[in-house]
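So the protein sequences, as listed, match chains A and B. In terms of UniProt numbering, the first sequence opens at residue 1 and continues consecutively. In terms of UniProt numbering, the second sequence opens at residue 1 and continues consecutively.
Because the hints were derived from the structure by calculation, they are not lab data. Just so you know, not all the hints are guaranteed correct.
As the list claims (entries may be wrong) - As a list, the in silico EDC-like pairs of lysine to aspartate or glutamate whose alpha-carbon atoms are at most 20 Å apart:
no.: 1; chain 1: A; residue 1: K113; chain 2: B; residue 2: D164
no.: 2; chain 1: B; residue 1: K27; chain 2: A; residue 2: E81
no.: 3; chain 1: A; residue 1: K77; chain 2: B; residue 2: E161
no.: 4; chain 1: A; residue 1: K77; chain 2: A; residue 2: E99
no.: 5; chain 1: A; residue 1: K77; chain 2: B; residue 2: D144
no.: 6; chain 1: A; residue 1: K113; chain 2: B; residue 2: E161
no.: 7; chain 1: A; residue 1: K77; chain 2: B; residue 2: D164
no.: 8; chain 1: B; residue 1: K137; chain 2: B; residue 2: E100
no.: 9; chain 1: B; residue 1: K106; chain 2: A; residue 2: E81
no.: 10; chain 1: B; residue 1: K137; chain 2: B; residue 2: E20
no.: 11; chain 1: B; residue 1: K27; chain 2: A; residue 2: D83
no.: 12; chain 1: A; residue 1: K113; chain 2: B; residue 2: D132
no.: 13; chain 1: B; residue 1: K27; chain 2: A; residue 2: D82
no.: 14; chain 1: B; residue 1: K148; chain 2: B; residue 2: E161
no.: 15; chain 1: B; residue 1: K27; chain 2: B; residue 2: D105
no.: 16; chain 1: A; residue 1: K135; chain 2: A; residue 2: E152
no.: 17; chain 1: A; residue 1: K135; chain 2: A; residue 2: E155
no.: 18; chain 1: B; residue 1: K106; chain 2: A; residue 2: D82
no.: 19; chain 1: B; residue 1: K106; chain 2: A; residue 2: E99
no.: 20; chain 1: A; residue 1: K77; chain 2: B; residue 2: E140
no.: 21; chain 1: B; residue 1: K137; chain 2: B; residue 2: D164
no.: 22; chain 1: A; residue 1: K77; chain 2: B; residue 2: D132
no.: 23; chain 1: B; residue 1: K106; chain 2: A; residue 2: D83
no.: 24; chain 1: B; residue 1: K11; chain 2: B; residue 2: E140
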Amino acid sequence: MVVYSFYIFDRHAECIYKRRWVPRPPSIIGKSSRPTSESSSTPNALPPVLGQSARTTDDDAKLIFGTVFSLRNMVRKLGGEDDSFVTYRTSQYKLHYYETPTNIKFVMLTDIKSPSMRIALQQIYINLYVEYVVKNPLSPVEHPGGVGVNNELFEESLEQFVTRVLS
Amino acid sequence: MTVFSLIIINKAGGLIYQREFQPGLRKLSTNDYLVLAGTFHGVHAITRTITPKLPLATASTTATTPTSSTIPSTPGTPTPPTPASAFTFPNPGIPATGLESLETDKFRLTCFQTLTGTKFLLFTDPMMGNIDVVMKKVYELYSDYVMKNPFYQLEMPVRCEAFDRHLAGWLRGRT
């Protein structure tokens with residue numbers, strides 16, 4: 001299965017972490033073994049395409065938040081307050097959603113053949129987010145602009161989780 | 001199998017039909033259903049625009065899923081600059097659609113959009129299979145008893161007794 005992107009939204013509807021995995025030729029992957037988020041445009045990657053995507057990632061995050069927020073409210077209205085939507089699928093991709101009791105939203109876009117990722121998102125929250133972001137004494141309580149979330153440990157373990165566990 | 005309800009949304013996002021077949025979902029007021037239809041119409045369009053775009057240079061070589069391992073790469077040569085529009089969708093053979101199926105703990109929502117933009121929303125049990133059969137039959141009944149009704153005005157609320165009757169009868173026969 002292929003993971004396309006991953007987003008975390010806090011309870012103020014702000015995107016505090018986003019990460020995209022664009023399938024690249026193996027030669028580039030081998031060179032940048034630890035790519036950092038959003039700055040993964042290596043010199044020999046496609047500059048115009050990545051330039052365009054870098055411009056729209058903020059907009060994408062907002063659109064994705066709007067989508068999951070609307071769908072969540074719709075589902076709660078129809079299924080009751082304790083209902084929550086897990087995933088939706090289009091002809092091209094699948095979006096997985098997990099919300100913690102503190103209203104932090106985890107969103108992951110994968111290909112349509114992937115199974116349910118609820119457990120995986122829960123594991124990312126429990127094993128990565130809580131361990132490396134919440135328990136980090138230097139991390140602020142809120143994360144305006146992603147401060148405290150984009151630390152090295154979290155990014156590296158997320159990278160490992162997605163590349164090793166999920167594929 | 002359980003079909004909770006059916007909603008039909010016209011191409012402008014207006015609610016033209018809403019019917020509950022079996023209890024299971026919470027009842028909303030008519031106004032809330034109208035809001036829901038409009039919201040869904042917008043969300044459906046957004047879900048299509050946020051389709052992940054893959055750079056064409058890596059994905060065009062393979063017709064199926066563009067995994068990075070299948071690409072015959074030419075190491076050392078810089079990739080030729082491609083125009084900003086050079087991208088492909090994950091499943092290049094199929095046009096990008098909006099939301100087709102949504103799963104929650106309590107129900108599954110299946111959306112079918114006709115070529116003319118009308119959307120059929122079917123709320124079913126999450127365990128139920130063969131929803132496309134039900135959807136196809138609903139569309140067939142809609143074509144037969146709504147579209148062929150000479151008194152039906154396009155894009156207006158569906159008030160066709162024959163459609164109601166046949167829909168209820170067919171769904172009852174299946175359970």
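Could you work out which earlier hints the structure fails to respect and list their numbers in ascending sequence?
1, 3, 5, 6, 7, 20 and 22
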